[in-house]
Structures are given as C-alpha cells and as structure tokens.
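A.B. asks: Here is how the chains run, residue by residue.
Number of protein chains: 2
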Amino acid sequence: MKPYKELSHEELTALRIELNEEFDEIKKKGLSLDMSRGKPCAEQLDISMAMMDVLHGNADLKCETGVDCRNYGVIDGIPEAKRLLGAMSEVDPDNIIIFGNSSLNVMFDSIARSMTHGVMGNTPWCKLDKVKFLCPVPGYDRHFKITEFFGIEMINVPMSPTGPDMDMVEELVSSDPAVKGIWCVPKYSNPQGYTYSPETVRRFAGLKPAAPDFRIYWDNAYSIHHLYKENQDYLAEILHECANAGNPDIVYKFTSTSKVSFPGSGIAAVAASKANLEDFRKYMRIQTIGHDKLNQLRHVRFFKDLHGLHVHMHKHADIIRPRFELVLKTLDQEIGELGIGEWTRPHGGYFISFDSMEGCAKRIVALAKEAGVVLTEAGATYPYGKDPHDSNIRIAPTFPSMEELGEAVKVFVLCVKKASVEKLLEEKA
Amino acid sequence: MKPYKELSHEELTALRIELNEEFDEIKKKGLSLDMSRGKPCAEQLDISMAMMDVLHGNADLKCETGVDCRNYGVIDGIPEAKRLLGAMSEVDPDNIIIFGNSSLNVMFDSIARSMTHGVMGNTPWCKLDKVKFLCPVPGYDRHFKITEFFGIEMINVPMSPTGPDMDMVEELVSSDPAVKGIWCVPKYSNPQGYTYSPETVRRFAGLKPAAPDFRIYWDNAYSIHHLYKENQDYLAEILHECANAGNPDIVYKFTSTSKVSFPGSGIAAVAASKANLEDFRKYMRIQTIGHDKLNQLRHVRFFKDLHGLHVHMHKHADIIRPRFELVLKTLDQEIGELGIGEWTRPHGGYFISFDSMEGCAKRIVALAKEAGVVLTEAGATYPYGKDPHDSNIRIAPTFPSMEELGEAVKVFVLCVKKASVEKLLEEKA
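Order-wise, the sequence lines are chains A and B. First residue of the first sequence: 335, per the working numbering; consecutive thereafter. First residue of the second sequence: 335, per the working numbering; consecutive thereafter.
Quick caveat, the hints were computed from the structure, so don't treat them as lab data. Treat the hints with caution; some may be incorrect.
Since the list gives no way to pick one copy over another, a pair counts as held whenever it fits inside one copy or between any two copies.
For lysine-lysine, the following BS3-like pairs were computed, each having C-alpha atoms within a straight-line distance of at most 25 angstroms [claimed, not checked]:
| id | residue 1 | residue 2 |
| --- | --- | --- |
| 1 | Lys363 | Lys339 |
| 2 | Lys696 | Lys563 |
| 3 | Lys396 | Lys649 |
| 4 | Lys663 | Lys649 |
| 5 | Lys479 | Lys466 |
| 6 | Lys616 | Lys720 |
| 7 | Lys608 | Lys479 |
| 8 | Lys762 | Lys362 |
| 9 | Lys461 | Lys479 |
| 10 | Lys461 | Lys616 |
| 11 | Lys362 | Lys464 |
| 12 | Lys563 | Lys608 |
| 13 | Lys339 | Lys461 |
| 14 | Lys542 | Lys361 |
| 15 | Lys563 | Lys542 |
| 16 | Lys461 | Lys396 |
| 17 | Lys649 | Lys466 |
| 18 | Lys363 | Lys461 |
Being a predicted model, the structure only gives us computed values, none of them experimental.
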C-alpha cells in the first residue's frame, strides 16, 4: 500500500467510502472495550493473591524492631519496608519514607505543602505572585492536573528518546526563580516508554536553579517494570548523581508498588536527602499518626527482598508483553507503510505513545468511542489538555484480554485510517 | 484524712517528708510505664485478629457492584463500606465518603484544602489576613496542632459536662467572619469523656455564622466506644439537626475504625451534606486515584453490619472497663477527700480528665516522669500547649496491663500529693 499522502483525490475518495463501510460494520458489533488507563489486568492481580495469606490470624505482626504493627506508632515506615523500597529505589533505607497507598497522593501533598508552608524554610508558594512548573510533553495527565489544580503555570518542554530537551530545561530553571519544579517519569516514561539517558540524568543533577526551592519531581513509577528479561533500559540513580554534583536537595524521587502488588492497596515511598525528608516529616507528624504498617509488613513478608520483587515482575512481564507485541504487530502490519502515524516501542512501563498526523488525534479518539473503544482523551498527555499538534494518543494495552485487545486495536487502526483520509481530503479541498 | 488545704504548716511539712520518702522508694524501682496516649492494648488488638483471615488467597475480592477491589477505581468508597460507616455515623450512605487509614489525616487535608482552595467557592483562607478556630478546652492535642500548623488563631472555649459554652460559641461565630471553624469531640470527649447534650447539639445546628465558610469539625471518634452496656451516653445526630435547622452544609462529621479494628490500619469516613462531599471529591479526584478498597472490603466482611460493630465494641469494653475502674477506684480511695484534684467518670471513650490544684499539672507530670511514668504532657489539652491554670492532665488507662496500670496510678497519686503539698507550702511561705 502506498503512503496516504501520495494518494490522489480519487484514490482517497474511494478509500474513504471503503473505510466508512468498514466503520459502519464495526459499529454494528456494539463493542465495549477500554484502552484508556494503565490498569493491570485480572491475570496480573492473580499473581499477588498469595499476599492475602501472609498476614493470617495467627501471624506475629511485630516488625523487626518489635513494634506491634497493629497499633499506632512509627510515622515514616517500619525498617524492613524502608529496606525493601530502598532497594527498589536504589538508595539507602535512611533516605526513604514509607507513605500510604498512593505515590500520586504524596506528590499532591508535596505540592500542597509547598503552597502553604514552603520548601525547607522558603516562602510558601501561595504567597508568591507566580509559580511555574516545567512539563515534559507528552507526559502523565495526573501530574499536570495537580499543578493545574494549584494554579501553577505549566510550561511544555519537548521530550525525546533520551529525555526532555535539556537545553531548554537548563535555560528556564537557571533564569527564572518562579520555576519551582519539573515533572519527570524518567524510566519507561508515560506515555512513550522512553528512559532518560545517563547524560540527561547528569544534566538534571547539575542544574543551577534560580529558585532555592526548585525540586525535580522524579516519579520513578516504572523502575522495575520491564517487559523483557533482556532489552532492559538502564536509568542512572538520580540521588547519587545529585549528591555528586553538590545538589543533594534538588530531587524528590517517588515510587510505589501499585503496579507490583495491587493498585490502590500497595505502599508508596519517597527517596530524598535527609534534609528534604525532615521537611516531609514535619508535615507528616501533624497530618497523621502514621500510615498502614500492616500493609507494609504484608508487602515485606510477601516479596522479602529486591530479588523477590524482580521475580514477581517477570511474571507481570510474561502477562503483558504479548499485549504490547500484539498492538505493535497490528500497527506495523496495518499502517506501518502508510505515513499516517508513528509510535514508540517501549521496553517497559504501561504505555505506547502514538502520534497521528497533525490535527487528527481528537477525531481518532471520537471515532473509536463511536465504535465502542475508549481511549485516553486526546490532549490528556499535555498540560491543560491542550496538545498543540492534536496528534498524541496514549495506548494502554495491559487491561483488556488478548482477544479484546485484538479487536480494540483493529478498531483503533481503522479510526486512524479514516481520520487521516478525512484530513487529507479536507486539505486537498 | 483531712483536706490538704486545712492542714497546718507543720502538718504539711511532716507530710512532705513522708511523701518524699515514698517518692524516693518508688524511683528506686526503675519503672517504665506509659499512660500518655489513647492506644488500645494488645489484648484489644487480639480480638480483631480474625480480620486477617477474611480476605484470603482464594477469596472473591469483588465488591457488591462487581468492581475488583484489587484494582484502581472507585474514588469515594465501595458501597458496602459506605453502608457500614454510614450506619456507624447514623447517616445515609449517600452522605458518606470513605477515606484511607486516618480520620486525622482527613481533618488535616480539609484544613489544607480550605487554605489553598477555600470552602465551597469561598475565598481560600491563605488569602485572608486572619483565620480563627474555636477550641473547646481541654480538648484533643492533635486537633490543636493542625490549626497551629496552618497559622490559624485559636480561641479557647470552656467545656462543661453538657458541651462547650454555647453562649460564647454563638456570640463568636455570629459576630466574627474570621471564625471559620470549631473543633468538637462531641461524644465521650477527649479528654473528659463528656457527651454534648441534645440542647447543645441543637444550638450547634442552629448557629448563624458570620462566615459563609464556617464549618463544625465534628470528630465523632468515640461514637460506639461505650464502656458499659447500660449507662451509655446518647448524642443527637448532628447532620439531621443541621438539615432541620436549615443549615445542611455547616458540619463535617468524621469517624474511623482506628479504635474498633486496628489503629493505623482501619478505615476513615466523613459524613456531610452532598454539597460538602462534592467539595471533598473535587480535591480527592486530583489527590489520589483512590483509597485502599481491599481494606474496606476486609472491614465489611469482618464486621458485616452495625450489630457486628456493637458486638465487637462490647469485647473492647470488657477489656478496658476494668482499667478505667481501677484508675477511678484508686483516685477515690487515695485522694478522694483531699481536695487536691477533680476528675471525670466517663461512660466511654479513651480518657479520664484530671484537674489538679491550679499551678500543679506541669510539676505532677515532671515528677511522674522522674518516677518512670509517662503522662500526656501538661498543657497538651490546650491550644499552643498553654493551660492557663496549669491544672489539666489527661489520663489514658487503656494501653498498660492491669498490673502496670495499678503501679502507674499509684505513682500518679503520689505525684499529685507531693506536688500539691509543695504548692500549699509555697503559698504559705
């Protein structure tokens, strides 16, 4: 098949009739499929079911320091949980605080804390005229929603396969004291599955911010979420790099077991310098008597150590790898040569990033919805929901069954074709 | 024994020598006892151990609407958890949001939300020159820490056995638009164990605040925490009263299962009008993907319904009632006729409130510490840690064993006597 752009007006018109017929056929099926969110499938949740049994009615529920995990106490995590999440985060347990069930909640609270109380003694952001965040795009919609919610101005920074445009990041961070942070998903990024290069990490660590309270929000959500036993991406450890660069306090590194054990019933952690952690603790001591230590204990007794986590993640990979491969194979076969879209080939994480022809993403998502397939809203991967090219679509292949996914991708591909032909005809008109 | 105030200088001097000797003897024991916090004892935690088994590795972990509780989704609680906590809160499940493991955290977040985003469209408090909260005293130290942390000015309102001084509350709330809230523990109050009278509740419901964003923070922490099967206090239901008074949005009612199942691993809830809950949800949708639904399910499957909760609370009562009675009996016997202290006789909750002679509380707590018994810090029951009379001490009898408690109360009584004699001699000097 020729690239669509080389087709004549007549060829496109004929193709449109053909695609419309296919589309009407598919609509008749009354599908109801969802490729919108990065949710594990039931099969993935099943591999953690034994976790339900590790804390049973006769179990000793004391942590290694003898604290009864059933009772109040221990504000920042039991030692064995710090060790487990420390290993997962590649930092010393002393640089870890364990939180509740959601790292997103911790990021939100970190912004809220900065608004009302400031960062390590600096002016609370709510007292400033303007606060700005840098947002590598496309990126994670829920990050952008947090900064939008607090009235923080967001500045798009283009992503590349090696990470954000670091010339632009360095320029903005060093020149503008209103720039207080940057959202990063540095490994298997959401939505592209890119991993920041060692050079990018070093440049982050060496930033010279105009604002003393600038922080890198390093959301390492997919640190051990590989798709392959080989072909794993490597991410340099940011805390270590920052300390080396004389910038020990510049980063908050977030992680959680949401996509390791159970989403919503996992445990979250922050890795940061001791000065930063003390800033967190000052807030926590007022905010709560402590997080759920039984769930911390449950995780430690189930996974035991980093090796246990890795073994478990292989099982996840075995379940979701075929789903990624199915999507990629279908895209390759169906539109690989048509010049109407580009997509990423991640080695891990939860998403494939698809870029349609400019101005087609909203139409594709709307068409898919009409045909019974829910995709992440077009624009969601950009601050304020505004994709300046209207081209990026996040594909989340993990949740549907293989059969459903097969159907959903076929619908997706058809919608891409249909929207592209419409666009090209519109341009020729 | 005569009241201390009727003793002569010589009698007091002789008594002091005697008490000092006793004190020195006790110090030699090298005790290490804790009556400081409202923590359940291990025996109480044991009665919930079967909860560890209700969600086992072969259990169906779907809630009644078919949602897989292991996965993301359901921002404000599974229906059966809303029903359980709704019954516990005496409101319709539609007026309930289920949160994470800590109602204190929800109170904190409610203040944080009001600071940055305002209450139901009103000006964010961080944009105001002055925000004030009314604090019935003595009260719960962690409440006061939250408002202090956010720079909110706290105004003491005296408590009585029927609740706060409502003339003062009505006057301040109706005249000063800077007054945005009041902290209440309306049933088995912390620390006195008082329960607000129906008249007090009605007057709360009928408040005419100068501030449209004034809210009653109704921390119903001890709603079902009776010590006796009979002699239970009755608290009128505030949401119902407020709706009747044409004030449906004036109250947030907080509750949790922290002292029902496991402290730190329970579930928390807010009961409020639908307009208020929507205000909470706007924040929650950005803050988190959802709370721990497995723990919600675990609670529902274990307790089943309100009857199950009550049966369980009887077991708690059977364990802690003897502790309360031991403290009261010792106080009665040892200092009942000495005129050097007064104390409450609660029918529920976790505390006994003790008032020493004016100016003696700090000294008593310091002496007890010297003798190896940790009490709640003197002053803690007042905003800013400042008890204007230096007389209130919160006694928490639940955590120590009966044997330890017996020793601890003996130490306490001795310290009260010693501090009182010192004070009387000082006054005579």
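A.B. asks: Evaluate Lys616 and Lys720 at a C-alpha cut-off of 25 angstroms and name the case that applies: within, between, both or neither.
C.D. replies: So Lys616 and Lys720 pass the 25 angstroms test across copies only (21 angstroms; inside, 37 angstroms).
A.B. asks: When no copy is named, should Lys339 and Lys461 be tagged within, between, both, or neither for a Cα gap of at most 25 angstroms?
C.D. replies: This pair counts as neither: shortest intra-copy Cα distance 53 angstroms, inter-copy 55 angstroms.
A.B. asks: 25 angstroms Cα cut-off: does Lys363 pair with Lys339 within a copy, between copies, both or neither?
C.D. replies: Answer is neither: 31 angstroms inside a copy and 91 angstroms across each miss the 25 angstroms cutoff.
A.B. asks: If the cut is 25 angstroms between Cα atoms, do Lys461 and Lys616 qualify within a copy, between copies, both or neither?
C.D. replies: Classified as both: same-chain Cα gap 20 angstroms, cross-chain 23 angstroms, threshold 25 angstroms.
A.B. asks: Since the copies are identical, ignore which copy is meant and state whether Lys479 and Lys466 lie within 25 angstroms (CA to CA) inside a copy, between copies, both or neither.
C.D. replies: within (14 angstroms within a copy, 31 angstroms between copies)
A.B. asks: Checking Lys461 and Lys396: alpha-carbon separation at most 25 angstroms within a copy, between copies, both or neither?
C.D. replies: Neither, since 44 angstroms and 46 angstroms both go past 25 angstroms.
A.B. asks: Using 25 angstroms as the alpha-carbon threshold, which applies to Lys663 and Lys649: within, between, both, or neither?
C.D. replies: within (22 angstroms within a copy, 61 angstroms between copies)
A.B. asks: When no copy is specified for Lys362 and Lys464, does a C-alpha distance of 25 angstroms or less occur within a copy, between copies, both, or neither?
C.D. replies: Classified as neither; 52 angstroms inside a copy, 62 angstroms across copies.
A.B. asks: Should Lys363 paired with Lys461 be assigned to within, between, both, or neither, using CA atoms and 25 angstroms as the limit?
C.D. replies: neither (56 angstroms within a copy, 55 angstroms between copies)
A.B. asks: Pop the pair Lys563 and Lys608 into one bin, within, between, both or neither, using alpha-carbon distances up to 25 angstroms.
C.D. replies: neither (34 angstroms within a copy, 50 angstroms between copies)
A.B. asks: At most 25 angstroms between C-alpha atoms: does Lys461 with Lys479 qualify within a copy, between copies, both, or neither?
C.D. replies: both (21 angstroms within a copy, 22 angstroms between copies)
A.B. asks: If the cutoff is 25 angstroms on CA atoms, where do Lys649 and Lys466 land: within, between, both or neither? Let me know, please.
C.D. replies: neither (40 angstroms within a copy, 55 angstroms between copies)
When the structure is compared with the earlier hints, violations turn up for hints 1, 2, 8, 11, 12, 13, 14, 15, 16, 17 and 18 and for no others.
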